[in-house]
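Peer 1: Protein chains in written order, with the numbering used here: chain A, 1 to 106; chain B, 1001 to 1223.
Careful: at least some of the hints might be erroneous.
Straight-line C-alpha distance at most 27 Å; calculated DSSO-like pairs for lysine-lysine [as the list claims (entries may be wrong)]:
1. K2(A) <-> K66(A)
2. K55(A) <-> K1058(B)
3. K2(A) <-> K44(A)
4. K44(A) <-> K30(A)
5. K73(A) <-> K85(A)
6. K85(A) <-> K32(A)
7. K63(A) <-> K1092(B)
8. K1191(B) <-> K1058(B)
9. K85(A) <-> K66(A)
10. K73(A) <-> K44(A)
11. K1092(B) <-> K32(A)
12. K1058(B) <-> K85(A)
13. K1113(B) <-> K1071(B)
14. K1092(B) <-> K85(A)
15. K73(A) <-> K63(A)
16. K30(A) <-> K1113(B)
17. K26(A) <-> K44(A)
18. K1092(B) <-> K44(A)
19. K63(A) <-> K1071(B)
20. K55(A) <-> K85(A)
21. K1058(B) <-> K30(A)
22. K44(A) <-> K55(A)
23. K32(A) <-> K2(A)
24. K1113(B) <-> K32(A)
25. K26(A) <-> K2(A)
26. K30(A) <-> K2(A)
27. K63(A) <-> K32(A)
28. K44(A) <-> K1071(B)
29. K1058(B) <-> K66(A)
Hints are computed from structural coordinates only; laboratory data are not their basis.
This structure is a prediction, so every number in the text was calculated from the model and none was measured.
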Amino acid sequence: MKRIFLTLTTTMMFLTSATPTFAGEKVEVKVKGMVCSFCAQGIKKKFSTQDAVSKVEVNLDDKWVKLELGDNKVLSDEQIRTSIKDAGYEVVSIERRSGPSAAQGN
Amino acid sequence: MSRLRFTTRAGFALFALATSILHTPASRAGPISYEGGWIFSTRNQPDSINWQVSYSPKPWLSFGVDYAYDKMAGPDVAPKNYGLLRGNLLLKRWNEMESQGNIYLYGGAGGLKTSDATTLAWLGGIEADWETREIYTSVKAQYLDSETFDPSTMYQARFGVAPYLTTFENLHTWVILEVQYSPEAFDEQLKVSPVMRFYIDNVLWELGVSARGTWSFNTMVHF
């Protein structure tokens, strides 16, 4: 019984390895030309097809697009600029904020 | 009926039909969507309908198909059916923090079918627009010709204001005044029409009425 418990505990420690895991990164993109929500639907469409993106938010007043990436997902600045350009707009700036990290084990 | 009278009336019918085809309810000038996007739009009036489908392989280019039916009721003018292949090109776009401006070129060719004959017709035009969140302006010039009928031109200007601003997800409203001048038109060469435009998400619709009380209902969906 004691041996089983020890084995289980060791297995759990191995599975939840020392490599830190990160919740989704948040990216704020400042965009030029975004004055019409009907036209800017293309931005949501383009990012919704990206596997790395779990959530898209658009603000016409402040001219930004906020992206929330999936856990451990990556979306490069180049990919972001391309998607915005394909939607018909231009990127002014990109700011990134990592989600809270959750390192498990040491 | 004399040949001149037939040509004039049929030319007007062709012009009116093509004008109904080429009027697009988009907040932007032409039917160009985001890359990979599709647009479906309709224009409906008491005596005519128009359907358009277009695909944008690039954010500066689209191809589409137009179909129109014009009743043109009367003893001398029979209903018309119009099928057209059309291309739209974004010549230039200005993206600013508070505005966007565009210049488009478009052209197409197709068949016009009347009760008497089927003829080849072609058209070309240029359109420009500039808008902010509060103001919308557009101008358009268009030329239409065919194998059989006299050529015709049309010039259009639109000015709109947003009575309120709202968030991306909510219903948006515009109040627009449209002025259209058609020097070769058989009747009503100058038209002035107020139009109410609404859109939410990817659906847009317009309600308008001309000075003569002719209603119009236009829709557009992009996906």
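Peer 1: Would you mind marking each hint as holding or not holding in the structure?
Peer 2: Status of the hints after comparison with the structure:
Our distance criterion of 27 Å between C-alpha atoms is broken by K2(A) and K66(A), whose separation comes to about 51 Å. At roughly 24 Å between alpha-carbon atoms, K55(A) and K1058(B) fall within 27 Å of each other, so this suggested pair holds. Between the alpha carbons of K2(A) and K44(A) the distance comes to roughly 55 Å, so the proposed pair goes past 27 Å and is violated. As the CA atoms of K44(A) and K30(A) are separated by approximately 14 Å, the hinted pair is consistent with the 27 Å bound.
Taken as a hint, the K73(A) and K85(A) pair is honoured in the structure, with Cα atoms around 22 Å apart against an allowance of 27 Å. Restraint check: the Cα-Cα separation between K85(A) and K32(A) comes to about 10 Å, which is no more than 27 Å; the hinted pair holds. Between K63(A) and K1092(B) the CA atoms are separated by roughly 21 Å; this keeps the pair inside 27 Å, and the hint holds. For the given pair, K1191(B) sits about 35 Å from K1058(B) by alpha-carbon distance, which is inconsistent with the 27 Å threshold.
Restraint check for K85(A) and K66(A): satisfied, since their Cα atoms lie roughly 16 Å apart, inside the 27 Å limit. Using a Cα cut-off of 27 Å, the hinted pair K73(A) and K44(A) holds, with the two alpha carbons roughly 18 Å apart. Pair hint K1092(B) plus K32(A) holds up; C-alpha atoms about 15 Å apart against a cutoff of 27 Å. Note on K1058(B) and K85(A): the hinted pairing holds, with a Cα-Cα distance of about 10 Å set against a maximum of 27 Å.
Taken as a hint, the K1113(B) and K1071(B) pair is honoured in the structure, with Cα atoms around 12 Å apart against an allowance of 27 Å. Straight-line distance between C-alpha atoms of K1092(B) and K85(A) comes to about 14 Å, which keeps the hinted pair within the 27 Å bound. For the given pair, K73(A) sits about 25 Å from K63(A) by alpha-carbon distance, which is consistent with the 27 Å threshold. Of the pairs offered as hints, the one joining K30(A) and K1113(B) is violated, with about 50 Å between alpha carbons and a cut-off of 27 Å exceeded.
For the hint linking K26(A) to K44(A), the alpha-carbon distance of about 15 Å falls within 27 Å, and the restraint holds. With a C-alpha separation of about 23 Å, the suggested pairing of K1092(B) with K44(A) holds against the 27 Å cut-off. For a cut-off of 27 Å, the pair hint linking K63(A) to K1071(B) is broken: about 46 Å separates their Cα positions. Restraint check: the Cα-Cα separation between K55(A) and K85(A) comes to about 19 Å, which is no more than 27 Å; the hinted pair holds.
Taking the CA atoms of K1058(B) and K30(A), the gap is about 22 Å. The hint holds against a cut of 27 Å. Restraint check for K44(A) and K55(A): satisfied, since their Cα atoms lie roughly 9 Å apart, inside the 27 Å limit. At roughly 64 Å between alpha-carbon atoms, K32(A) and K2(A) are farther apart than 27 Å, so this suggested pair is violated. A hinted pair counts as satisfied when its Cα atoms are at most 27 Å apart, and K1113(B) with K32(A) does not qualify at roughly 45 Å.
Between K26(A) and K2(A), the direct Cα distance comes to roughly 45 Å. Violation of the 27 Å bound is thereby established for this hinted pair. Restraint check: the Cα-Cα separation between K30(A) and K2(A) comes to about 58 Å, which exceeds 27 Å; the hinted pair is violated. Between K63(A) and K32(A) the CA atoms are separated by roughly 7 Å; this keeps the pair inside 27 Å, and the hint holds. This hinted pair does not check out: K44(A) and K1071(B) have alpha carbons roughly 40 Å apart, beyond 27 Å.
Under the criterion of a C-alpha separation no larger than 27 Å, the hint pairing K1058(B) with K66(A) is consistent with the structure, at around 24 Å.
The structure fails to meet hints 1, 3, 8, 16, 19, 23, 24, 25, 26 and 28 from the earlier list, while all remaining hints are met.
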